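*Asks:* Chain by chain, the residues run as shown.
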Amino acid sequence: MNQEQSAVTESIIGNSDGTSQYLTFMLNDEEYGFDILRVQEIKGWDSATPIPNTPEYIKGVINLRGTIVPIIDLRKRFVLEEIPYGTTTVVIVVRVEAEDRERIMGVVVDAVSDVYNIADAEQKPPPDFGGGVSVEFVKGLSTVDEKLVILLDIDRLLNAEELKAVDAATN
Amino acid sequence: MALDLDQFKQTFFEESAEGLDIMEDGLLNLQPGSPDIDLVNDIFRAAHSMKGAAGNFGFNHVVDFTHALETLLDEMRAGSRNVTEDTVSLLLQSVDCLREMLSVLQEGTDPDESRSVELLQQIHALLENSGDTPATEAVAAEVPAAEVTGWKILFVPNPDLLRTGNDPARLFRVLKDLGTLTVQVSTEQLPSLDQLVPEDCYLSWSLTLLGNVAEEQIREVFEWVEDDCEIEISPLESAAPVQSEVSEQPQRSGTDRRTGGDRRESGGSKEATSIRVGTDKIDSLVNMVGELVITQSMLSQVGRGFDMDRLDALQNGLVQLERNSRELQDAVMRIRMLPINMVFSRFPRLVRDMSQTLGKDIELVVSGEQTELDKTVLEKIGDPLVHLVRNSLDHGIEAPDDRIESGKPPRGTIRLQAAHEGGKIVIQISDDGAGLPVNKILAKARERGLVEPDQTLSKEEVLDLIFQPGFSTADVVTDVSGRGVGMDVVRRNIKALSGMIDVESEEGVGTTFTIRLPLTVAIMDGQLVRVGTETYVLPLVSIVESIQIENQRLNVIASSQQVYTLRNEYIPIVRLHDLFGQKPDSNDLDKQLLVVVEGEGKKAGLVVDELLAQQQVVIKSLETNYMAIEGLSGATILGDGTVAVILDVTGIVHLSSSDLGAPTDLQPTDPQPTDLDHAA
Amino acid sequence: MAKILTVDDSKTMREMVAFTLESAGHEVAQAEDGVEALSIAKGQSFDLVITDINMPNMDGLTLIPELRALPAFKFAPILVLTTESAADKKTVAKEAGATGWIVKPFKPEDLLATIKKVLG
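Residue numbers (our numbering), protein chains in the order written: chain U, 1 to 171; chain Y, 172 to 851; chain H, 852 to 971.
So that you can see chain U by itself, here it is in the shape it has in the complex (with noise of 0.2 Å):
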């Protein structure tokens, strides 16, 4: 169903005028963007359960219409500061996809901003942060009404090198 969805936004905002879709998200006063075609759907935030033995930006794992699904936090994700979460903390519900197969993912976020069409050409490529955002999960940057919106690689948030950096990390 999902595909389907997606493809059925595809065909709406279509991809030939070479712009795409992003939906933004405030984190730390910054604003960032998911592709859309990623994005499966968006929930408030609810409790997860803890999984023993990973990494601290795992919050856990919810139901999910009866999947297991986990819950990444973004702050401590990109070692940010931790802020109690409120009542515009959402769960932005995404399509990962890592070692040849797609999984099904949370991102928790401060609050969901807007959707944006950004062409591709207006996307520039990420300079080296100085601390901040690891430049790993940064696809591009681009300017929207004279904010700047950072354009996330949603498959980096979970790819297999960092799978086995949680090996690693948690053995």
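Hints are computed from structural coordinates only; laboratory data are not their basis.
Some, not all, of what chain H presents toward chain Y, calculated at C-beta under 10 Å:
no.	residue
1	Lys862
2	Met864
3	Glu866
4	Met867
5	Ser874
6	Ala875
7	Asp903
8	Asn905
9	Phe924
10	Pro928
11	Thr933
12	Gly948
13	Ala949
14	Glu960
15	Lys968
16	Val969
In this text the structure is predicted, and so the values were computed from the model without any measurement.
Yeah, the Cβ is synthetic: ideal placement off N, Cα and C, and Gly gets one too.
Got chain U; can you put chains Y and H on it based on the hints?
*Replies:* Leaving out everything else, chains Y and H in the frame of chain U:
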């Protein structure tokens, strides 16, 4: 109106397959000399049922065959025939033969009757031997039917006719269908009202039936009441001589049925499979649907004239609905889960037959046969398992003399076990046989160019070579397993199920194959425990006992590992709170509970705050969207929709004991902790 | 149309009988042995019972007298379905209180014709 019963063939085949399993099981458990009569009865009944239904489809070979078996079994249960090893063997062969006959009928292929004919002869020979020949069914003598113009029938029923459920009026109605009937009732025997027993029949009848009716046809109508009445049937005066037409009729219809049956058989095709589900599972489904209906009606009530005051009710209803649908989903999934015994059950027979053929003495030990797995997996795991067991029988276990020579008991053992472990189903086939010849395998691999001459391999790598295509470890290709299906096919089949197969072997000691299959869905009996604020699930099978911790039984060994003294055993203590970063209710261990668990032969005591409910849980993989975590075998969704992780006892024991030698190796005879130092 | 109870431990047989009877418009209840049949029979009445003889838990020959002891089955027709064409089974069944018998294998048309003898 022609009613076609062919649609029940599939049911018949399925039921017969079950019946044959029952027969086989029973025969394998039958003690020659002192048979269990109940068991013989079960076997008899299975054969009997098959015979009954087979006749309806015109499967006459099956009828003849089961009839002979039935006769033999009948003598056995009546005690007039001894149950010998030979008889049992003959019966087992017959079960195989029937299985073949049925599969031939099912697939519509040409039957090879030579085997069944031979077996049938053997059975008949056996039956004649005891002088107890099966009662050959008397062929009804052809009664010449007369073409008559009519019959006169005098029918005087006994008073208690009605109590047998027969009603004269209904019999007459059937007669009326044969011709023109005139009925005259006689009330002569009717007593006065004060003497009348209302349940008795006092009337008698004199009937005239006009038409071309055979006496046989009339007798048939009264067949059931013959003994409960006086009946006289005589032709009316002008009875004419016989014409053959009528008497031929039933015979022809008999032939028709047979050919009809044959035709239908060949047209038979493989039909959709079905699944046999325990009524308890169905009942729980029905209950859930019931709840769903209640929720639905509640919701539609809320929906009618909705206002914001009823938002709570709506939300509650939706939560309820979600729970209902989830439970329903789980229950439906559960239907697909079947015990692995459905595959394991064929092995006692296989081992028995093959050890006879090979002249070996082999015992089969099966455990974990109730472990459930998905039907699809179950259907596909059978062949690889058969191959592995055959391998053990054929190449693993040595001949009795060789075993004695190497200081082993003459009787070899093959173990077949299944368990849920680490979110997977683990099936092990192990034998205490000769083990795999590492050097020979390596030499052969070099010879075949699978390994470079100068390449050095670890033992594990060498053993893994047996899974290479076309590689057979057997020096001689024996009749049994050398049929071109190699271990490569086994591995391929298991990989197709997303599983893994490994081999461990020690020359002279034995070989163990371990198959791990993932469980997309699996059901487990779980014990819910509370550790801090979290709920965890422990597999019920791994729990040995749960006890209140007593401080004086706590000891520390190797300066760090805490152990608990329990009946001369030292059980390492695992503080789940530390492992999972949870806060215990109390820092005093003696205010907590110790759940003693066992995994892969190692025991451990898990400290928990509270034991919660025991319930069946659906195992969900953490790997689907995340990854495997050591110490966890998956997760499950509890009744309130939250997720609880399932602990993998083996992993937990491993996690906690990795820094301590081998705690369970401690087998002190004296439970004094001072004695432990040398052991640790 | 009649309400009929068929009792047989063979599912195939039971379903074939039920199918045949239902095709003729009868209402059919099924039981897989005497015990189940008896518990069904205790709650309701039937116009006809067709039972197998050899069954686990409670066989047909035990079932029949048990049924006859129930008021609703005192005069109800009870037929045994038997493969044994041997006369002794029929006699034994009659002695147990059976109304009559049907021989397996049966043709659907014959079964329907036969039960006419006991159904109104």
